[in-house]
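There are 2 protein chains.
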Amino acid sequence: MKITAPTLLLDKSKCLANIQQMSEKAARSGVSFRPHFKTHQSAITGSWFRDFGVTAITVSSVDMAIYFAAAGWKDITIAFPYNPRETERLKSLTSMAAINLLLVDPSTVRLLGKSLDSEVGFFIEVDAGYHRSGMTLDHYHEMLDLLDIASRFPNLVFKGFLSHFGNTYKAESPAAVRNIYNCSMEQLVKLKDALSGTYGDLTLSVGDTPSCSILEDFGGADEIRPGNFVFYDVMQSRIGSCTPGQIAVCLAAPVVAKNKERFELVVHGGAVHLSRESICAENHENFGLPVSLALSGWSQPLPGCRVSGLSQEHGVISVTPEVFQSFEIGDLIGILPIHSCLSVACMKQYFTLQGELITCL
Amino acid sequence: MKITAPTLLLDKSKCLANIQQMSEKAARSGVSFRPHFKTHQSAITGSWFRDFGVTAITVSSVDMAIYFAAAGWKDITIAFPYNPRETERLKSLTSMAAINLLLVDPSTVRLLGKSLDSEVGFFIEVDAGYHRSGMTLDHYHEMLDLLDIASRFPNLVFKGFLSHFGNTYKAESPAAVRNIYNCSMEQLVKLKDALSGTYGDLTLSVGDTPSCSILEDFGGADEIRPGNFVFYDVMQSRIGSCTPGQIAVCLAAPVVAKNKERFELVVHGGAVHLSRESICAENHENFGLPVSLALSGWSQPLPGCRVSGLSQEHGVISVTPEVFQSFEIGDLIGILPIHSCLSVACMKQYFTLQGELITCL
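From first to last, the protein sequence lines are chains A and B.
Start counting the first sequence at 1458; every next residue gets the next number (the numbering used here).
Start counting the second sequence at 1458; every next residue gets the next number (the numbering used here).
It is possible that some hints are incorrect.
Partial chain A-side listing against chain B, Cβ under 10 Å, derived [unchecked claim]:
hint, residue
1, Ser1564
2, Asp1595
3, His1725
Okay, derived cross-link-like pairs now, EDC-like style, lysine to aspartate or glutamate, Cα gap no bigger than 16 Å in a straight line [stated by the list, open to error]:
hint, chain 1, residue 1, chain 2, residue 2
4, B, Lys1717, A, Glu1599
5, A, Lys1459, B, Glu1545
6, B, Lys1459, A, Glu1545
Hints were generated in silico from the structure; no laboratory data involved.
Ideal placement from N, C-alpha and C gives every residue a C-beta, glycine not left out.
In isolation and in its complexed conformation, chain A is listed as follows (with noise of 0.2 Å):
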């Protein structure tokens, strides 16, 4: 494969890693397995994990639900709250696998069961404290008028409940990740033991990526939907989710300009490819880890660099004096995402390090 422009590289052999490590990890907790799949995004690398016995899958969307359910997925949860815009989509896609959506909020549940045919699973989205979206505990009887009104529609079935611990992304440390778990599990488990007597056997769905990748128990959670671990990047790095090494994919980016005064690297490789997703470490803004390509793969993130600018398709690679003798003009250079899932949806397509082509939704 020669390359002439920014490409997206896949380490197929880090990312079957990664999945075998967190299914592993799941049967060895005794959770389901439900990974999300916004991530990798592509039908292809989704096959990967049917070798590690996966058969129910996570997504964020009703477009990302159709398009797995063409390539053959058949139990589906859509993580987001239901749009109502989208019912007569979401009612072809019932023929097509057994969906679950989210419900946060009374007044749209008549509305949905009105137009229901066929069945549907739901979960209750809950807010344990991210505040993004979903009812919190002090919602507690707006979510019994939830359940009552979608009790009259035979075609709603109430799954449990589901929540996305989000501020684990902003989390320090790998003991911070454990507290917000451990207190956001808690909300939970009061919720299901409340609601148990009466709708039977609920399953409490959770799972970000750093609290999938740093607890060991999953105490009390029924399933767990991580997306990111599939490729990890460098702000799961920084939280203490995976190692650099464990990073599974990699822009390559060619060198086009070099300035000797600020030991900078110029190369094509910008926001359209890697996203404007940042993290501050040590006071400097950083879109990036740059490394050393070979063909068989990515060095360790190369010491004292960072990507330090981005543009619209320009990339400014801030390196030491040694590195920066090492790289002429034309060279490639790759640099480690801060996001992957947003530099995927940027580039909608990747290769593995043997060649092989892999296209997103």
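Starting from the known structure of chain A, fit chain B onto it as the hints suggest.
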């Protein structure tokens, strides 16, 4: 047009007014108008420029040059440092259109010169203070080396000096933009004066959107290359390049949840739709400005409201109590993007208010 999922809308009349205003200003100021097509990225939108007499364009990648050459554009400047890995594609491009390149390093000129079998124009890219790429005045002797090497290859035709004053994007006022422009132009004029005797009629090509929008007199410049002005965005409105009413693109996003304690609307519309670009306004991170949508277009930004959070598919909009009351789950809300170039790159297509689909590169 029934909108069910996040959809980028274009107000064509605003877009045409933006093009007209800039093309008239260029004519008044006696400079050539070579608009950058990296913002709209569409052959259809590009075709509208022909009615304003535009025949020469700017792009930021070889891919984009090939796309617009195929759409019939015959005079294209690739405003990105020449990437030696793309020489073969560049050569095939020269049979489709007259191409200008940027050169920033003497060492690659020989390589390029040897490969070419037909003429390409080239500019020396000048760093006049932005410090992304380009040669500074301190590199005057390297510029002479570069020109000396280039002069041995008849297919390399020296056109002049090109600079992107990208530091205007960080300017806090129109006065600051004018100041950056004038300081930067002074350096370019000095270079042109020094080399016109030897090289004849040289072109000074400049033109970021803030400078081109705010200045009336481009003193010394021969050509302007603004791009973002075609749609503008929240960032440009904050700099003072445009009014919010001139912003020609808007993401229509379905409201999927409401949080009455925090006065927040949750929408389907996230980082994969708007990009992660943000500005900091009044100590708050802002990912977009909400507006009300109507069939005929959209309102001014809703006072006191902003997109306060953005994940892959979710947007969280902080609103006033009045606005909170006026939106229900299932409604559409509009979001003016912080950086329209990146939102277009994320969405890859947009619709006019009349329902015409406009596809992108």
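Hint by hint, here is what the structure shows:
1. Against a cut-off of 10 Å between C-beta atoms, the interface hint on serine 1564/A holds, since the closest Cβ of chain B lies about 7 Å away.
2. The criterion of a C-beta within 10 Å of any C-beta in chain B is met by aspartate 1595/A, whose closest approach is roughly 8 Å, and the hint holds.
3. The closest approach between the C-beta of histidine 1725/A and any C-beta of chain B is roughly 6 Å, which is under the 10 Å cut-off, so the hint is satisfied.
4. Straight-line distance between C-alpha atoms of lysine 1717/B and glutamate 1599/A comes to about 13 Å, which keeps the hinted pair within the 16 Å bound.
5. Taken as a hint, the lysine 1459/A and glutamate 1545/B pair is honoured in the structure, with Cα atoms around 12 Å apart against an allowance of 16 Å.
6. For the hint pairing lysine 1459/B with glutamate 1545/A, the CA-to-CA distance comes to about 12 Å; that is within 16 Å, so the pair holds.
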